[in-house]
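Student: Spelled out, the chains give:
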Amino acid sequence: MDCKKCQNLLGQYLDEELEGQELSDLEQHIKVCPDCTRELERLRKMHSFLTDLKEVEVPEGEREAFISALRNRIESEGAKTSRKKSVLRPVLVSAILVVIALIVIVTCPQKPADLKIAPAPGLNAIENMAVDREICGALDDHFLATSEDFMVDTSVTGGQALSVWKILKETHEDLFEPAE
Amino acid sequence: MKGQNYDGRGLSGYVARVNKDNSIARKEPADEIVAVRARDNRLVLRTIAGDGEAFEDLVRLYYDRIRALVFHHLHREDDLDDALQEIFLKAWQALPNFQKRSNFYTWLFRIASNYCIDRLRKRRLELVSLDGTEARDALEARAHLKTDTPEEEYSRSERVRIVQKAIGMLDPIYQNIIILREIEGLTYDELADSLDIEMGTVKSRLARARTELKKILQDMDVI
Numbered sequence: 001m002d003c004k005k006c007q008n009l010l011g012q013y014l015d016e017e018l019e020g021q022e023l024s025d026l027e028q029h030i031k032v033c034p035d036c037t038r039e040l041e042r043l044r045k046m047h048s049f050l051t052d053l054k055e056v057e058v059p060e061g062e063r064e065a066f067i068s069a070l071r072n073r074i075e076s077e078g079a080k081t082s083r084k085k086s087v088l089r090p091v092l093v094s095a096i097l098v099v100i101a102l103i104v105i106v107t108c109p110q111k112p113a114d115l116k117i118a119p120a121p122g123l124n125a126i127e128n129m130a131v132d133r134e135i136c137g138a139l140d141d142h143f144l145a146t147s148e149d150f151m152v153d154t155s156v157t158g159g160q161a162l163s164v165w166k167i168l169k170e171t172h173e174d175l176f177e178p179a180e
Numbered sequence: 001m002k003g004q005n006y007d008g009r010g011l012s013g014y015v016a017r018v019n020k021d022n023s024i025a026r027k028e029p030a031d032e033i034v035a036v037r038a039r040d041n042r043l044v045l046r047t048i049a050g051d052g053e054a055f056e057d058l059v060r061l062y063y064d065r066i067r068a069l070v071f072h073h074l075h076r077e078d079d080l081d082d083a084l085q086e087i088f089l090k091a092w093q094a095l096p097n098f099q100k101r102s103n104f105y106t107w108l109f110r111i112a113s114n115y116c117i118d119r120l121r122k123r124r125l126e127l128v129s130l131d132g133t134e135a136r137d138a139l140e141a142r143a144h145l146k147t148d149t150p151e152e153e154y155s156r157s158e159r160v161r162i163v164q165k166a167i168g169m170l171d172p173i174y175q176n177i178i179i180l181r182e183i184e185g186l187t188y189d190e191l192a193d194s195l196d197i198e199m200g201t202v203k204s205r206l207a208r209a210r211t212e213l214k215k216i217l218q219d220m221d222v223i
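Taken in order, these protein sequences are the chains called W and G. Note that this note's numbering numbers the first sequence so that position 127 is 127, with each residue one more than the last. Note that this note's numbering numbers the second sequence so that position 171 is 171, with each residue one more than the last.
Treat the hints with caution; some may be incorrect.
DSS-like mimics (lysine-lysine), calculated; alpha carbons at most 30 Å apart, straight line [stated by the list, open to error]:
{"id": "1", "chain 1": "G", "residue 1": "Lys90", "chain 2": "W", "residue 2": "Lys4"}
{"id": "2", "chain 1": "W", "residue 1": "Lys45", "chain 2": "W", "residue 2": "Lys4"}
{"id": "3", "chain 1": "G", "residue 1": "Lys165", "chain 2": "W", "residue 2": "Lys5"}
{"id": "4", "chain 1": "W", "residue 1": "Lys31", "chain 2": "W", "residue 2": "Lys5"}
{"id": "5", "chain 1": "W", "residue 1": "Lys4", "chain 2": "G", "residue 2": "Lys122"}
{"id": "6", "chain 1": "G", "residue 1": "Lys203", "chain 2": "W", "residue 2": "Lys31"}
{"id": "7", "chain 1": "W", "residue 1": "Lys45", "chain 2": "G", "residue 2": "Lys203"}
{"id": "8", "chain 1": "W", "residue 1": "Lys4", "chain 2": "G", "residue 2": "Lys165"}
{"id": "9", "chain 1": "W", "residue 1": "Lys31", "chain 2": "W", "residue 2": "Lys45"}
{"id": "10", "chain 1": "W", "residue 1": "Lys54", "chain 2": "G", "residue 2": "Lys215"}
{"id": "11", "chain 1": "G", "residue 1": "Lys215", "chain 2": "G", "residue 2": "Lys165"}
{"id": "12", "chain 1": "W", "residue 1": "Lys4", "chain 2": "G", "residue 2": "Lys215"}
{"id": "13", "chain 1": "G", "residue 1": "Lys122", "chain 2": "G", "residue 2": "Lys165"}
{"id": "14", "chain 1": "G", "residue 1": "Lys90", "chain 2": "G", "residue 2": "Lys122"}
{"id": "15", "chain 1": "G", "residue 1": "Lys165", "chain 2": "W", "residue 2": "Lys45"}
{"id": "16", "chain 1": "G", "residue 1": "Lys203", "chain 2": "G", "residue 2": "Lys122"}
{"id": "17", "chain 1": "G", "residue 1": "Lys203", "chain 2": "G", "residue 2": "Lys165"}
{"id": "18", "chain 1": "W", "residue 1": "Lys4", "chain 2": "G", "residue 2": "Lys203"}
{"id": "19", "chain 1": "G", "residue 1": "Lys122", "chain 2": "W", "residue 2": "Lys54"}
{"id": "20", "chain 1": "W", "residue 1": "Lys5", "chain 2": "G", "residue 2": "Lys215"}
{"id": "21", "chain 1": "G", "residue 1": "Lys122", "chain 2": "W", "residue 2": "Lys5"}
{"id": "22", "chain 1": "G", "residue 1": "Lys215", "chain 2": "W", "residue 2": "Lys31"}
{"id": "23", "chain 1": "G", "residue 1": "Lys215", "chain 2": "W", "residue 2": "Lys45"}
{"id": "24", "chain 1": "W", "residue 1": "Lys5", "chain 2": "W", "residue 2": "Lys45"}
{"id": "25", "chain 1": "G", "residue 1": "Lys203", "chain 2": "G", "residue 2": "Lys215"}
A few chain G positions that, by computed beta-carbon distances, are all more than 12 Å from chain W [to be verified]:
{"id": "26", "residue": "Glu56"}
{"id": "27", "residue": "Arg65"}
{"id": "28", "residue": "Asn97"}
{"id": "29", "residue": "Asp118"}
{"id": "30", "residue": "Lys122"}
{"id": "31", "residue": "Arg124"}
{"id": "32", "residue": "Leu125"}
{"id": "33", "residue": "Ile197"}
{"id": "34", "residue": "Ala207"}
{"id": "35", "residue": "Lys214"}
Quick caveat, the hints were computed from the structure, so don't treat them as lab data. Here a beta-carbon is modelled for each residue, glycine too, at the ideal position from N, C-alpha and C.
Using the sequences plus the hints, can you model the full thing?
Tutor: Take a look at the structure:
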């Protein structure tokens, strides 16, 4: 390893991001190169100086005062948004629901056969399809954070997908019913 | 994501918990990051559903870190409150677009970083338009900071001030990555996520930023 490459990698070395051949090449080079050893020491020193900057104290009461001010700001922004929405909402909602329905029809993946989604109370057919789509999308995701403290890999098929489905059923009970 | 090869490792290095018999293991989170992510995702979902208190909890959780991030970029106490209001308001407005595959806090750091970089660029443009004031200031700052004091004799507070000045002389992009890595302590994965860049770019940008900062500190005889 030459000095240029070594010095380029010194930061990653300090961050313990190097491994394998690259790590051993760099360590070998440092052993025999005083220039690169000096550079490494400078970087170490710089890192320790930067660490001193970590301590920034938040004055007592500032956080809660900030949250209170932000709450007012969000309320006034929310009021503005809802005024705009009230004019456009009926048209937009209809358009979005039609698009979602088309997407559901074309792309919704096959779900395990022995469970099905029950229509959610209070929703019409198109809205239910949107809910359906949400759950299908969840199955497509690599990770699914549900309402409890667990996270599952859903890039699986068959029996595993069924297991995910069962947990979804437990956590979203109101959306499911047992297979007939 | 569909159809992509998946090696069982998530962004933060945790493994999927699917048992051999295909059942999903309902275990406690394997590490703190997973627990934080699940907690934040719950608060995000509640916020989107219209629960204002859930968003306030998110602000409460990350206020100190975002405040520190902004402070290290802008260095002006009087700008701090406005900047934080803008950042958290942007986050609240953009929350429905948040992809729950990311960590909420890296997403929030991205919003804060973009805001700070933008502010720094605008500030510099204003200064440059005043007949090269910025360049003169930078030179004066370096000359002023270069003292005959041996590095061992700097008081800690003096050194903090000098290092802050030195960071402020960097390009905003480099300033940002130095603050995120060295002060906020983000991992390389978190940097890639926060900055929305590839891992290779994280490494090269960080190396370049460190080289630049080291050069400035050497010019100041600090290291």
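Student: Hint numbers the structure violates, sorted upward?
Tutor: Per hint list: 1, 5, 21, 26, 27, 34 and 35 violated.
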